[in-house]
Amino acid sequence: MPTVNEQTRDGLVASLPALLALALGVFPLVVLFVESIGPSLGVGSYRKALSPLYRGALLYSVGVGVGVTGICLAVAYPVTYWLAHRCPARYRLVGLVALTLPLWLNYVVLNYAWVWLLARGGVLNRLLVGTGVLDTALDLLYTDVSMVIGFVYIYLPYVVLTMYVSMERLDYRLLQAARDLGATDWRVFVDIILPRTLPGAAAATLIVYARIAGAFATPAILGSPGNVMIARLMVQAFREYVDYGFAAALSFVFLIITLGSLALGAVSPRVRRELRRW
Amino acid sequence: MSALAAEGLRKSFGGDLAVDDVSLTLETGEFFSLIGPSGCGKTTTLRMLAGLLDPDAGTVRIDGQAVTDRPARERATNMVFQDLVLFPHMTVAGNVEYGLARDGVAKSERDERVRDALALVDLAGFGDRDPGALSGGQQQRVALARALVNDPSVLLLDEPLASLDRGLREDMRAEFRRIQRDSETTFLYVTHDQESAMSMSDRIAVMREGRIVDSGPPRRLYNRPRTRFVAEFLGDATVLSGEVQSSNGETSVVETPAGTVTTVSSGEHGAGDRVAVAVRPESVTLGEGDWAGTVVDTAYKGFYAEATVDCGGACVVVRRDRTEAPEAPGATDGQDRLFSVDEVVKLRIDRAVLVEHANG
Numbered sequence: 001m002p003t004v005n006e007q008t009r010d011g012l013v014a015s016l017p018a019l020l021a022l023a024l025g026v027f028p029l030v031v032l033f034v035e036s037i038g039p040s041l042g043v044g045s046y047r048k049a050l051s052p053l054y055r056g057a058l059l060y061s062v063g064v065g066v067g068v069t070g071i072c073l074a075v076a077y078p079v080t081y082w083l084a085h086r087c088p089a090r091y092r093l094v095g096l097v098a099l100t101l102p103l104w105l106n107y108v109v110l111n112y113a114w115v116w117l118l119a120r121g122g123v124l125n126r127l128l129v130g131t132g133v134l135d136t137a138l139d140l141l142y143t144d145v146s147m148v149i150g151f152v153y154i155y156l157p158y159v160v161l162t163m164y165v166s167m168e169r170l171d172y173r174l175l176q177a178a179r180d181l182g183a184t185d186w187r188v189f190v191d192i193i194l195p196r197t198l199p200g201a202a203a204a205t206l207i208v209y210a211r212i213a214g215a216f217a218t219p220a221i222l223g224s225p226g227n228v229m230i231a232r233l234m235v236q237a238f239r240e241y242v243d244y245g246f247a248a249a250l251s252f253v254f255l256i257i258t259l260g261s262l263a264l265g266a267v268s269p270r271v272r273r274e275l276r277r278w
Numbered sequence: 279m280s281a282l283a284a285e286g287l288r289k290s291f292g293g294d295l296a297v298d299d300v301s302l303t304l305e306t307g308e309f310f311s312l313i314g315p316s317g318c319g320k321t322t323t324l325r326m327l328a329g330l331l332d333p334d335a336g337t338v339r340i341d342g343q344a345v346t347d348r349p350a351r352e353r354a355t356n357m358v359f360q361d362l363v364l365f366p367h368m369t370v371a372g373n374v375e376y377g378l379a380r381d382g383v384a385k386s387e388r389d390e391r392v393r394d395a396l397a398l399v400d401l402a403g404f405g406d407r408d409p410g411a412l413s414g415g416q417q418q419r420v421a422l423a424r425a426l427v428n429d430p431s432v433l434l435l436d437e438p439l440a441s442l443d444r445g446l447r448e449d450m451r452a453e454f455r456r457i458q459r460d461s462e463t464t465f466l467y468v469t470h471d472q473e474s475a476m477s478m479s480d481r482i483a484v485m486r487e488g489r490i491v492d493s494g495p496p497r498r499l500y501n502r503p504r505t506r507f508v509a510e511f512l513g514d515a516t517v518l519s520g521e522v523q524s525s526n527g528e529t530s531v532v533e534t535p536a537g538t539v540t541t542v543s544s545g546e547h548g549a550g551d552r553v554a555v556a557v558r559p560e561s562v563t564l565g566e567g568d569w570a571g572t573v574v575d576t577a578y579k580g581f582y583a584e585a586t587v588d589c590g591g592a593c594v595v596v597r598r599d600r601t602e603a604p605e606a607p608g609a610t611d612g613q614d615r616l617f618s619v620d621e622v623v624k625l626r627i628d629r630a631v632l633v634e635h636a637n638g
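For the record, the sequence lines run as chains A and B. Reading the first sequence from the start, the letters are residues 1 to 278 in the numbering used here. Reading the second sequence from the start, the letters are residues 279 to 638 in the numbering used here.
Any given hint could turn out to be false.
In silico contact screen, one side only, chain A against chain B (beta carbon under 7 Å); selected entries [claimed, not checked]:
1) 136
2) 173
3) 174
4) 177
5) 179
6) 180
7) 181
8) 183
9) 195
10) 266
Label-pair ranges, simulated between beta-carbon atoms [stated by the list, open to error]:
11) A/169 with B/414: 35 to 41 Å
12) B/341 with A/98: 46 to 52 Å
13) A/266 with B/579: 58 to 64 Å
14) A/18 with B/317: 52 to 58 Å
15) B/390 with A/169: 52 to 58 Å
16) A/169 with B/279: 43 to 49 Å
17) A/267 with B/293: 52 to 58 Å
18) A/266 with B/343: 46 to 52 Å
19) A/136 with B/293: 54 to 60 Å
Computed from the model, here is a short list of chain A residues facing chain B with C-beta under 8 Å [stated by the list, open to error]:
20) 22
21) 171
22) 176
23) 182
24) 184
25) 187
26) 196
Hints in this document: simulated from the structure, not taken from any laboratory. Here the structure is a predicted model, which means the values were calculated and not measured. We treat Cβ as the ideally placed atom computed from N, Cα and C, and that holds for glycine.
Using the sequences plus the hints, can you model the full thing?
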């Protein structure tokens with residue numbers, strides 16, 4: 001039992017970093033909020049942020065976030081299952097490192113790697129045309145496809161790492177018990193693997209979804225010029241229109257939509273139950 | 279028709295033969311135990327019977343049907359796993375219901391059968407609980423109910439009592455026996471605990487190094503073990519080596535370093551054969567007889583005490599109950615001793631069994 005003195009001391013030691021963390025997290029948001037309703041406590045900036053022009057970009061950003069997160073999870077599930085339960089133990093670390101290698105590079109560089117790979121005169125097209133698979137080069141770059149590829153490439157390692165922890169904790173014998181009781185592979189996935197790894201999937205979603213929806217570099221480097229994601233509009237408002245109030249309002253709207261869509265996921269009782277365990 | 283028949287099962291892992299030519303036949307409604315020390319291949323055998331592991335050779339039949347090539351989900355066997363592996367994200371009822379749902383049983387019938395299964399294992403009303411909130415013994419019962427609910431032809435149990443403490447284990451043994459009778463299901467119980475196996479089983483097979491070395495009713499195995507290994511694995515036994523002096527088919531007279539003893543034998547030995555003789559501690563009478571020796575070691579075992587007696591080069595383990603030396607009121611610890619080292623005792627071997635000396 002710590003004495004009162006110890007408790008006070010612990011409190012003092014912890015309070016400074018805690019205050020700093022709180023200030024770093026909350027203070028900029030407060031400033032941003034004040035800016036968004038300034039200069040005269042109006043909601044004009046918000047009205048503008050919710051106009052059809054920006055609504056489309058918001059929707060598109062959320063859609064890209066959901067879609068890419070979904071693709072990352074769909075790829076990470078079989079990969080991490082294999083790594084955690086099927087891969088010979090001595091190759092496990094090698095496999096994990098290989099899959100998470102992109103984490104160690106600057107993401108702008110990673111994006112440009114795909115420019116080089118997907119451009120009309122890039123590696124992939126030259127390979128396909130050179131081997132006679134295609135007659136003319138494909139327009140892969142600056143499309144939704146190239147943007148999604150870039151996103152998956154950059155964010156998959158986060159999803160793989162998070163899911164791996166969950167997969168490793170999944171007791172393989174539960175799968176055997178389910179099979180023994182008559183479950184097909186699909187039922188084993190739905191009844192055992194999915195519920196047991198849902199916390200990992202939820203954590204992975206929390207980590208990557210908002211960052212993808214709000215990404216700036218990848219859409220700018222790999223995306224189609226016609227499909228504008230919300231981050232570019234925010235940057236435009238700050239830099240080109242120098243309308244800080246509007247930029248701040250747009251940021252806030254996006255923040256609320258992101259949090260709202262995550263909360264929507266938590267409405268499902270099954271997800272809530274799993275999150276509580278986690 | 280037998281509930282389960284395995285013929286010539288063989289399995290090796292990376293060149294090591296884990297199961298070597300195992301054949302088993304279980305009659306319907308029987309409680310059969312497969313016992314042996316750790317690593318003898320009993321769990322591997324069980325997993326092959328369940329369909330969780332493919333045998334390298336051999337066949338498995340369930341209710342007369344060949345199922346060797348079928349996966350676990352298509353076999354009429356259910357398994358109770360060593361650590362139970364209840365589904366932690368489902369309720370007790372959800373766990374028990376699982377096999378029925380996978381078999382496509384309608385919801386209303388499922389509910390009824392889950393209720394019956396929980397009643398069978400004495401857990402009526404526990405359906406809504408979280409399995410993690412139950413005691414060890416209750417979890418055992420849930421695992422049993424889950425595996426019994428869809429009426430498997432054979433229930434395979436992989437040392438499910440290993441993790442329980444002694445008192446609970448004894449209660450659960452009686453419960454397993456009762457549940458087996460009430461459910462009229464064939465049980466194949468795998469364990470290294472000979473005491474559990476003997477108290478529950480109709481028949482036992484003893485495995486060693488991948489092979490079945492002996493099988494039969496517990497009484498037969500205990501009283502007439504064929505090999506030294508079985509004699510020592512099933513309970514305590516002193517094994518003395520010796521030479522057959524004479525044999526009449528029913529009994530043999532064997533000369534051992536400790537003295538001459540008349541043994542029960544199967545009559546396959548002639549005079550001059552080198553053999554081994556197994557003596558159970560309870561078959562030795564103390565204080566009379568023509569063997570004599572010095573106590574070299576004693577062990578206090580609660581209601582009895584055990585002593586190792588050196589009878590001229592061969593040691594015999596003997597026991598003495600507390601009732602034979604009642605505690606005097608006010609006796610001190612020292613006076614309570616049933617044996618003391620260097621004490622000279624006489625003993626008589628009431629019953630001995632001639633066993634194979636060889637391994638196996």
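Now the hints, each set against the structure:
1. The criterion of a C-beta within 7 Å of any C-beta in chain B is not met by residue 136 of chain A, whose closest approach is roughly 49 Å, and the hint is violated.
2. Hint status for residue 173 of chain A: holds, given a least beta-carbon distance of 4 Å to chain B, under 7 Å.
3. The interface hint given for residue 174 of chain A is met, as the beta carbon of that residue sits about 5 Å from the closest beta carbon of chain B, less than 7 Å.
4. With a cut of 7 Å, the hint placing residue 177 of chain A at the interface with chain B holds, because the nearest CB-to-CB distance is about 5 Å.
5. A hinted interface residue such as residue 179 of chain A counts as satisfied when its beta carbon comes closer than 7 Å to some beta carbon of chain B; here the least separation is about 5 Å, so the hint holds.
6. A hinted interface residue such as residue 180 of chain A counts as satisfied when its beta carbon comes closer than 7 Å to some beta carbon of chain B; here the least separation is about 5 Å, so the hint holds.
7. This hint holds: residue 181 of chain A has a C-beta 4 Å from the nearest C-beta of chain B, less than the 7 Å allowed.
8. The closest approach between the C-beta of residue 183 of chain A and any C-beta of chain B is roughly 5 Å, which is under the 7 Å cut-off, so the hint is satisfied.
9. Taking 7 Å as the C-beta cut-off, the interface hint given for residue 195 of chain A holds, the closest approach to chain B being about 5 Å.
10. The restraint placing residue 266 of chain A at the interface with chain B is violated, with a minimum CB-CB distance near 17 Å, outside the 7 Å limit.
11. In this structure the supplied range 35 to 41 Å is violated for residue 169 of chain A paired with residue 414 of chain B, their Cβ-Cβ distance being about 22 Å.
12. For residue 341 of chain B paired with residue 98 of chain A, a C-beta distance near 49 Å keeps the hint of 46 to 52 Å intact.
13. The given range of 58 to 64 Å is respected by residue 266 of chain A and residue 579 of chain B, whose C-beta atoms sit roughly 60 Å from each other.
14. Residue 18 of chain A and residue 317 of chain B have their C-beta atoms about 54 Å apart, which keeps the hinted 52 to 58 Å range intact.
15. With their beta carbons about 36 Å apart, residue 390 of chain B and residue 169 of chain A fall outside the hinted range of 52 to 58 Å.
16. Judged by the Cβ atoms, the range 43 to 49 Å given for residue 169 of chain A and residue 279 of chain B holds: they are separated by roughly 44 Å.
17. Distance hint check: the CB atoms of residue 267 of chain A and residue 293 of chain B are about 55 Å apart, consistent with the given range 52 to 58 Å.
18. Our hint of 46 to 52 Å for residue 266 of chain A and residue 343 of chain B holds, since their Cβ atoms are close to 49 Å apart.
19. Look at residue 136 of chain A against residue 293 of chain B: about 56 Å separates their beta carbons, and that is inside 54 to 60 Å.
20. A distance limit of 8 Å between C-beta atoms decides the matter here; for residue 22 of chain A the minimum to chain B is near 35 Å, and the interface restraint is violated.
21. With its C-beta approaching chain B no nearer than about 6 Å, residue 171 of chain A sits inside the 8 Å limit, and its interface hint holds.
22. Interface restraint check: residue 176 of chain A against chain B, minimum CB-CB distance 6 Å, threshold 8 Å, status holds.
23. Annotation: interface hint on residue 182 of chain A holds; nearest CB of chain B at approximately 4 Å, less than 8 Å.
24. The interface hint given for residue 184 of chain A is met, as the beta carbon of that residue sits about 7 Å from the closest beta carbon of chain B, less than 8 Å.
25. Interface hint status for residue 187 of chain A: upheld, as the beta-carbon distance to the closest one in chain B is roughly 6 Å, under 8 Å.
26. A least Cβ separation of about 7 Å between residue 196 of chain A and chain B falls short of the 8 Å threshold, and the interface hint therefore holds.
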